Amino acid sequence: MSRADAFGLLLAFIARLITGAQGHWKGCPPKAEQRIYFANHQSHLDWVLIWAALPRELRATTRPIAAKDYWTSSPFKHWITREVFNAVYVNRQRSDDQDPLEPLIEALHNGDSLVIFPEGTRSAQGLPQAFKSGLYHLARQFPQVQLIPAWIDNVQRVMPKGEVVPVPILCTVTFGAPLTLGELDGQPEDKAHFLVRARDAVVALRPPGSGERPAAAAPPPAGPPPPPATRRGPPEPSAPPALASPPVQAVLPLDGHA
Amino acid sequence: MGALRSWSADQQVALLFVVLFGALLLVSGGAVLVSLRERADAAEARHQRFARDLRAVWVSAVVFWLAWMSGPVGATLLFGTLSFLALREMVTLMKTRRGDHRSLLLAFFAVLPLQYVLVANRNFDLFSVFIPVYVFLAIPVLSALAGDPERFLERNAGIQWGVMVCVYGLSHAPALLLLAFPGVDGRGAFLLFFLVMVAATAQIAQELASRRLRRRPVARHIDRSFSGRAWLLGTGAAALLGAALYWITPFKAGQALVMAAIAGGSGTLGDFVLRALKKDAGVRWWGNTSSVTGAVGLLDRVAPLCFAAPVFFHSVRWYFQLKP
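Chains as they are written, first to last, in my numbering: chain A, 1 to 258; chain S, 1 to 324.
It is worth saying that the hints were derived from the structure and are not from the lab.
Each statement offered as a hint is correct.
Below, computed lysine to any residue pairings styled on SDA-like, alpha-carbon distance capped at 25 Å:
1. S:Lys95 with A:Leu45
2. S:Lys279 with A:Arg206
3. A:Lys161 with S:Lys95
4. S:Lys95 with A:Leu17
5. A:Lys161 with S:Ala138
6. S:Lys95 with A:Pro207
7. S:Lys95 with A:His44
8. A:Lys68 with A:Pro103
Per the computed footprint, the stretches of chain S lying under chain A, defined by three or more beta-carbons under 8 Å from a beta-carbon of chain A, are:
9. 79-91
10. 96-110
Derived CB-CB ranges, DEER-like:
11. S:Ser35 with A:Pro55: 27 to 33 Å
12. A:Tyr70 with S:Gly29: 57 to 63 Å
13. A:Pro208 with S:Arg151: 20 to 26 Å
14. S:His314 with A:Pro208: 37 to 43 Å
15. A:Pro208 with S:Val18: 44 to 50 Å
16. A:Thr72 with S:His314: 55 to 61 Å
17. A:Tyr70 with S:Val59: 40 to 46 Å
18. A:Lys31 with S:Ala56: 30 to 36 Å
19. A:Pro208 with S:Val218: 24 to 30 Å
These numbers were taken from a predicted model, which means no experiment stands behind them.
Just so you know, even glycine gets a beta-carbon here, dropped at the ideal spot from N, CA and C.
Whenever a hint applies, use it, and build me the whole structure from the sequences.
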């Protein structure tokens, strides 16, 4: 076992000790298929949590995206992202001659799985912000790769913004059913619609009554929460594209982010 | 019996474990044989529940054995880890806010280890006031310094309570192992065994009684099966078992009866109280067959011990005027 492997195991152990890092596979089994996992982003720990929730065999081929300027700025950061996590580096500064998705596309051509946080930034509030368009472009270019929504719960309580030491609190990662790019009148689904649908698929995985939620954003409880057994069915039917106005959209403005 | 008394403490403890694991093996073997038979749905559900409880007993027996094998340091570490996991689960159920971060760090990474260090060093005087006095003040001070007045009382009370139950309460279990009774050195394992046995018996007897009796529950919204008479029966069963086991303890038969009643009764009440806590937190299933928080259900298992251990420990110390 190399030093990086040992360090990875140690890190996964610590993540499990602090957060439990339980993976709930509600919509798909953990399988060695090529996948893009996309999740809500609330904390620096999100990636480690998803990574620790994955079975060990899948960790080696599932790669995070790391901002090149930050994660190569010191030898240790560079080592941990390169050797332990096998991260895909992207440039944050957009240059005209290069597609920012280029490294991701290359990784997918290699057959690796990716974990992306389509919000592009961390949101401390309960619900994720609007998704950025990268997910859509990847979905169009790689129709054979499964798109798995995931909801990371409770992690903002473990390490709120500005704190460095995590508090031990149990977190879960819920993986949903694969999402596919739909078609409308023979045309592929348009971008805005798909991104809303993808975001809804992530939000739908949120466990009922969990975590601290700002009072303003909390949806009114509609009766008793359903028992989890009924939520195990295929949660995301291939929704008819006309029905795209879920109540969550009223909470956050969608313009200006896509 | 006379021959047994002449054995060394270690030999007696070894015999205790042989008997314990032998009995567990017999019960498990019986359960496997029963499971081969075909049953109706209701009986099947009952059997499932029994099998789950039996697994829990196995786990606690192994933990107990490990605690004994590994000596004072090992036992302290072991119960410290249990404490950590239980507190983690408890905090998950609370509605903490950002401002609680420092207080929680204090609870997990300073209070918990310190309390167990005090146990391992047998500083029983400081050990019994450290959390109720010093930490009691320290946690709200840290919270207030964080500058968030919203639900201040509720949040702090929650953290205090979690620390009291999961750290203070549970740390009395290894303390029993280390409690020095005059003339019976090295038999702390018997005291812990006695406590665990009577607490478990009270729990099981109460469960059985409430199923048979079908009395009106005292607090329907918290627990549909808890009734006064069932609780009395559970406590009574614990007392009888305690009296029957008096020869493994430093107590006389009558003292053992009372001590067992105290431990058994407080254990079942503690379990009841924790059910209320879970209801409040919105966890609808006891034992976490469906996990809402991702909690593993450890808290449910140790809850009776968390409440029974401190009451039992301090009763023993007070009644026998034990000095550390």
